Structures are given as C-alpha cells and as structure tokens.
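Based on the sequences and whatever the hints tell you, model everything.
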Amino acid sequence: MTAFHAARWNEPLIQELSEAGARGIIPPATDPAIMQAAGDVLSRLPKALRRAAPPALPEVTQHRVVRHFTRLAQMCMGFDVTTDMMGTCTMKYSPKVHDHVARDHRLADVHPLQDPETIQGVLEILYRFNRMMCAIAGMDEFTFQPGSGAQGIYTNACIIRAYHAARGDQARRNEIITTAFSHPADAATPAVAGFKVITLMPGAMGYADVGALQAALSERTAGMMLTNPEDTGQYNPHIREFVDLVHGAGGLCAYDQANGNPLLGIARAGDAGFDLCQFNLHKTFSAPHGAVGQGCAAVGVREPLRRFLPKPVVTFDGERYGLDVDRPDAIDKIRAFLGNVQTVLKAYAWVMSLGADGLRAVAETAVLNNNYMLNRIRAIPGVAIPWPANTYPKLEQVRYSWEPLFQETGVASAEIEDRLVDFGVQHYMTSHVPMLVPQPFTLEPGESLTIAEMDAMVAALRAIAEEARTTPERVRSAPHNASIGRIDGEIPHDPATWAFTYRAYLRKRSAWSGPRSPRATRKHGGY
Amino acid sequence: MMAKGAGFTHPYVPNAAPEPRRRLLAAIGVGDIDELYASVPADLRLQGVLDLPPPLPGEHDLRRHLEGILARNRSCRDLLNVRGAGCWQHFVPALCDEIVGRGEFLTAYAGGPYSDHGKNQALFEFQSLLGELVGMEVVSPPTYDAGAAACSAIAMACRVTGRRGILVPALMHPDRLSQLRGFTQPAATITTVRQDPDTGLLDLADLRAKLSSAIGAVYIENPGYLGSVETGAPEAAALAHAAGALVVVAVDPISLGVIAAPADYGADIVTGDLQPLGIRMYGGGGCAGFIASRDEERFVHEYPTMLITPSPAAGGGIGFGWSTQERTSYDKRHEATDYYGTTQWLWGIGAAVYLSLMGPKGMVELGQGIMARARYATKGIAAIPGVRVPGQNGVVFKEFVVDLAGTGKTVAAINRRLLGVGIMGGHDLGTEFPELAARMMVCFTEVHDRADIDRFTAALAEAVR
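Residue numbers (my numbering), protein chains in the order written: chain A, 1 to 527; chain B, 1 to 465.
Since the hints were made in silico from the structure, they are not lab data.
Warning: the hint list may mix true and false statements.
Restraint ranges, calculated between C-beta atoms of paired labels, are given here [unchecked claim]:
#1 A:G168 <-> B:V49: 40 to 50 Å
#2 B:E335 <-> A:A37: 54 to 64 Å
#3 B:E296 <-> A:V97: 40 to 50 Å
#4 A:T470 <-> B:E67: 53 to 63 Å
Keep in mind that this is a model prediction, so the values were computed, not measured.
Even glycine gets a Cβ: it sits at the ideal position worked out from N, Cα and C.
Structural data, given as structure tokens:
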C-alpha cells in the first residue's frame, strides 16, 4: 500500500458554478465620448449577423474562477509535481527563471509584425540560437517556425517535396521510407505531404536492417525520415550506411531528432550525412511541455536546402538583425509569423546555462540513468526486454514488455499504467502504433531525476507486478488514490454518448445509462 | 578515460556529479560512460566539444544576459500599437497569466484521465465555452494557429464531400493562404473569390460563378482579413450549400459577444485563433487555432485532433477521456490525411479562464466597446485631409483600412514618422497585395482609450502632411 493520495476536489464543471448576475471581471471602460460619437454600433450589423442573445457562458465571481482553475491545476501530475518518465516525451526539468523572463512585456507584449528595428532583441535570440543549433546538429541553417515535433517533421517532408519539385523530379520521386519504431509523425506527415510511405519493419536486433532498406529503394525514392535512436531507445549503428544508400538512390535523408537527448555533444545529424533534421525544443531543450504545447521544432538543413526554408529567415549584417522575406524558393508558411518565440527563448536560455560540457553531461546522464533503470527493471519478475539478440546498452529510453507477467496473471500493461498513478507518479507510455512489442511500456528517465526518484519508480513497478499476482482486481480497478476514479471506457467512443462540449454533455448524459452501441467505425470520405 | 562531462555538477543534472555518477556506473557494472554508447559507431562520434558560447550557469548571470537582449525590444506597452493582421493586442486579465503560469499546467504533458484529470477538465471546459461562442457542439482542443485550423477544417470539408475544389477569399490572410496552399497541394485545388478592395466584402456574383459540383469547401473569414464584417456571409453560405459544398467560417472569437454565432448563418465548420481570448501576443507565439462543428459522425470522424469527452467515474463524478484516437495520425501513420501532435493546449487553458471571467455580459460589453472604438477611430481618421477610410460606410469590427494614396506618401514613410513619436503604425498591406499599395490596416481594441485613439489620429495627420 502507498501513502499517496492525489488532490481530489470533485470540482464541478465551470458551468455548474454559474450564478446569475455574477461577474468575473469588468472589461475596460469605453469613454462616453466614444460611445456618443460612434453611435449605436450594434445596430449597424445586419440582423442575420447580430447576435440575438449573449453567449451562454457561465457567470462566476472572480475568486471562484481562481479556485476552480487552481484546483484543476492541482489535479495534474506535471514534472513540477512528480516523476514523469513517459517514453518518447523527454520529460525534464524546465527551469523557472526561463518562464519568468519569457513573461517580460518586452517579449510577451511584442507584436510579430513590428518593424525589425523595434524587435532587435527577439531577432537576436532567434539568430544566436540558430547558430548554436547549427553547432549542435552540424547543419547550416535552422528555422523555428514549426509549433511541434509533428509540424517540424511535416516541414521536413515539405522541404523534401520542394527539393524534388525544383529538380523537376517530384512526380517520379514520390516515396518516403521510414521505420516502424520511428514516431508516427515520420509516416503520417509525408503521407499528408502527398508521398507514398514505406515502413521498414524491425529485424532481430529491433531495428530495420540494411537489406530491408535496399529492398525499398528505387528511382521513386524521395527520401528517408526516421528517428535514431528509435522509440525503443535502440540506436541503429548502420545509420551511415542507410544514409549513403538513400543518397545513392537520389533521395534526401531527414533525421527526426525527437529522441536527440542522448546524443547532445556525442553525435551530430550533419556528421552522419543527413540533409535535414528537426529537434523538439519542448523536449530535448527543456522548454516546458505546456500541457500539450506551446511546442517548437527546430528544423535544420544543410546548405543545398537552405533556399527552401520557410519565410522569414533572420539575418544579421554585423550590426542589425533583419528578416529575409525575399525567398522565391521557400516552402509555404508552416506556422503564423515567427513561430513560438517564447519557446525558443527558453531553449536558448537552457543551452546558455549549460554550455558544451553541460549538454554532453545531459546526454551522458540521460543514458546513464536509463541504463540504471534498465538494470533494475530487468530484475523485476514478469518483465521482458525485447530483442535479446541486441546486447548493446540502450540509449535514453527502453521499450519493456510485461508479456511474461500478462501470461502469468492476465493483467495487462494498460492496467498497470493506470495503477501507477496511485503511487504518486505520472503514468507511463505504453507504445506508439504499431504495437509490435506485446504488453509494452516505455520509460525515459531523462537527466533530471535523482537516484531516489528512480528507485521509487522501480519500487512502484515491482509492487504492482506483485499485486498482479496476489490481488489482480486491485490493479484492474485502479486508480484508487487518483484525482478521479476509473472511467467508463466505452462512453467516450460511442457517438450516442461522446460529448465534446457542455451543451452536448447536457443533451447526451441521459444516454450514459443506456446500452452501448458498437464502437463507431470510421466513415472516411476520401478525396 | 573519463568522458568529457564527468564531474560536471549543475543544478539541472544531479547525477552528473561525481558521486552519483560513480554509484550509477557501479550499479550497472560499467567502468566508463563511453561503454554505454557502444551502439554509436566511433566514426560518427563527435571529436572535441561543441562550438558553443561559454555558459552562464548562475541564474542571476543568465537572467541579466537574457534581459539585456530583451531590452533591445520595444514592446506594445512601450509604444502605442495599432498593428493587428493576425495577432492582436487585447486586454489580458491577470488571472489568465496566473493560471497558464502555474507549474502544474506548464509542466504537464501527455497525462491521461487519472494522472492529468485537471488538465483534461480544463480543456473540456475550453471546448465547451468556445462551443457557446460559435454555436457548435463539437470543438477541438487547440490546434497550432488559425491557419493550421483552416487547413484542417477545409481538408475535412473536402473529405466529407469527396470533392477537391476549395474557394477562398482573394484578400484572405496571406500567411493562412500560404499555409493552405502548402497543406492542400497534393490533394486539392484552391480558387480565389474576388473581394471588393474598398469594402473588403466578398463578390457574391463571383462566388456564384465559381461554385460547381467540384467545390467541396467554401472558406469565409468573418470579419475578413481587412477588418470588415462579412455581411454577405449568410448569402454566401446559402449559395455554397445549394452547390453541395460545405462552409468553413473563420471567426475572431472575441467578436462573438455581439456578432452572430457562425452556426446561425450557415457555417458547417468553424475555425479561428484563440489569441484574442486572454493570450499575450508573444511575437506571434500567442496564436492558437481551433476547429468546431456540429455533432455529426461524418464530421467527428474527420477531426485530426484529440477530442476530450466526459465519462462517468467509479466512486462518482465525471472523468475525461480522449475519444476515438484511431482518427488521428498517431494511429493512422502512413494512411493519415492530416497530422496532430503537441500544439497549443496551454493557450486553451488561458482562453477557458478568460471566457469564465468574462461571462456573457463581459463578452457583449467587450464587443460593443471594440466596435465603438473602431467606429470612433474611422471618423477621426477619415477627417484627415488626403486620407480615406474606404470601408467607413460598411461595418468594421476592430480593424479597418486607411487609404493614404491621396497623401503622396508611402505607408513605410508614414510608419517611420509615427515610430519617431512612439507609435507602431498600421500594417502595410502593399507588402502583401500590390493592388493595396498605399493602404495601411489599423486595429483598435479595448486596450485603446480615447486619448490613445486621438493621439494616433493626430500623429497620423501630422505624419501625412
């Protein structure tokens, strides 16, 4: 048993706190002289465009709004609150000073279209960080426009498309090769960009072998987009050969460095021959994950692809920073304006606080912590380590398997995931699709945690495995000590009961007690 | 040999200190950290150290360095700003900053129903509150920005109708149009519909002429990019529907206390940017999009985003789950028609706080106050000799176009003079649309009081002389 219990406020929905006539805040006053001169502005709206009744928003006094959202915040397990080892997410400490500086009005209240002479500070950060990222990745120019890893990978796909189009080869080169253990975005975003995507399956070592790549290459190959290490924490040592083979076939190589944390100062995308890459600044570079964003991808390219980077690119003439918008070969805009510049500031601050030795210490420590976890979790009865043929140490994460425990007890990894929350830690990530490893769980400890915190995670996993043998219902009915009890798993997926707004919830709530329809099947229109 | 990082002790990397490092290495039976990198071939290993500036490990030193750089910015609190065009200066209640700054939210990520119950409830409330504004029952959590939301929504409409043609306003936000061109390049064809450069309104005859059985989506911005309320929107929607197309309406959500919910004049899918709802501009980093629609399976199945939904919990109360994940690129991989990932959820929490504070009265007062300021400003500016406000007789929300052709001066020259007196003038439309040279788009919101507007008007009169 554990002593932990999460905050459990049973906090109503904000609409349920509404009291007629209450005000949360008063908007800025409008000068009577303005009102008089402007006249009845609402009457200028044609009837069809004039709002007939005020929106049905709740009416809540201010302190109750404060309490409401403060209570909701307390029912979260962010990194500031507890251990979070969610695999592929690179959870790490986000230094507070960065957030405080980012709230400075000289960043927070800057308009993106201000004249460059008034935002020299913003441009300087973007420019300086660009050069730092070039050093870290072995690339020649970066853009920070994409708002997430997936959008960064999409940007890579768009640049590959533009490269072949500029050579008049777009129609023929319409295939992108990725691997099954690369992030799903490495398959999805090139598909969105119009490519046919070929997914290489892992061999006995847990990564694709050279033969699989050779079989996929042809004159249709536009490029290769993958992670390395993959989402399994395993590094494919044949990566240079992969790159050379793709280049030999006329394709480009894009390195998704979503799993780049173990390689900072150790190995660079450019040195492995990659033409372009992307890093998640909200993961590897410590910018806070923001409850699913504000993210930022740093997309880097080698010189020949520089002309394809989206507008604008920050320039420096030795005195002044500027914005280059005269870029006829640039791909289309990815995100509005300059991207999440506040996220770039935080990443810049992090690198400035650590320097070259510090980044290397981050990488090495992330790998060391992970192998320590591996060593201890390997000893938990019921855990298997996939691909026994692969005896290399793992890098920053491990995809484990509860398959032996599942065979013994029938308790599934997803059930253990839910039980983990009762131990006061964030739940784990099982696996991305495809779920090739049975009963998977993926842990990435990162470089921030102490040994005691890692030991506590191991102890929790060990205790739950033991419960699976002795009191499996305890696991299956979890969580018990979380902010909320176990939810009905079908209601979210049934069109008769799903509800994506309060108004839909009010309409459909009565159906919760009725029978469930079979899970909705996708009715895809298609172009 | 000890690796380079050995012995490095930094507050952010506890186990890089010599003692814990030694303990961990001993526990796993490895003598040197290099052995853990056995899978990385020697010829790919970096020789030497990264070429980076010397670090500032002390927090005070780092902060001084960062603030020294930011001091080279002049913010919209230092300047009087009337520039909008896709990111707008609005009033941000202190509580919005307070809540989005809370570490529990700021450092949460992909937690599920039990570990991040509060995050999921906050985002469900965001979906709900926005649903009231736009009049729809389905609202996504935040997407990247209004442009990305438009891309996804328009592509959804094309998939639902099985048609590849897209009609968009000719004078739509150029960045959004660029995003859309890139996104739909493999799958669809974009045709622009004329807009009157003076009123900014859609040319309905041109729309009618371009509608056909090939058109799947008609995209309307209301207010339009040039600031006018698109009074022809209901008729445009009716025309689109008659041709079998779906209607995607991009709104400014802060206008919806006074302007009709788009669902009430024919929108099938609604998009827009949340940034006006209590999110600071952050040089554009404040932008965050959303998608909304009716609760119909044909739409829901095409959403690329997570969708948060309540579900009854054991022991009472409701929890929140993520519905039908098989729709998303996480599950579809190479079969994906759109993608999703980390987006801008933190700003969704900020917008939820904002709408909870404003309530129905606040949104009505805001909308009215903004329209009154813009109207007041049009009158003063139009009275300047040589200056025209071509949309003056239409309905403007917060932005409008100022025609400076009669002054013989360029927008850039006028803006230089304005900046000299501490004013960030309007957006130079000629940089985006050659036919709109010598036109400046200005933006007035609830942050501008009468003195601000009068000061701008007087400074503009001086600058054009």
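If any of the earlier hints don't hold here, list their numbers in rising order.
none
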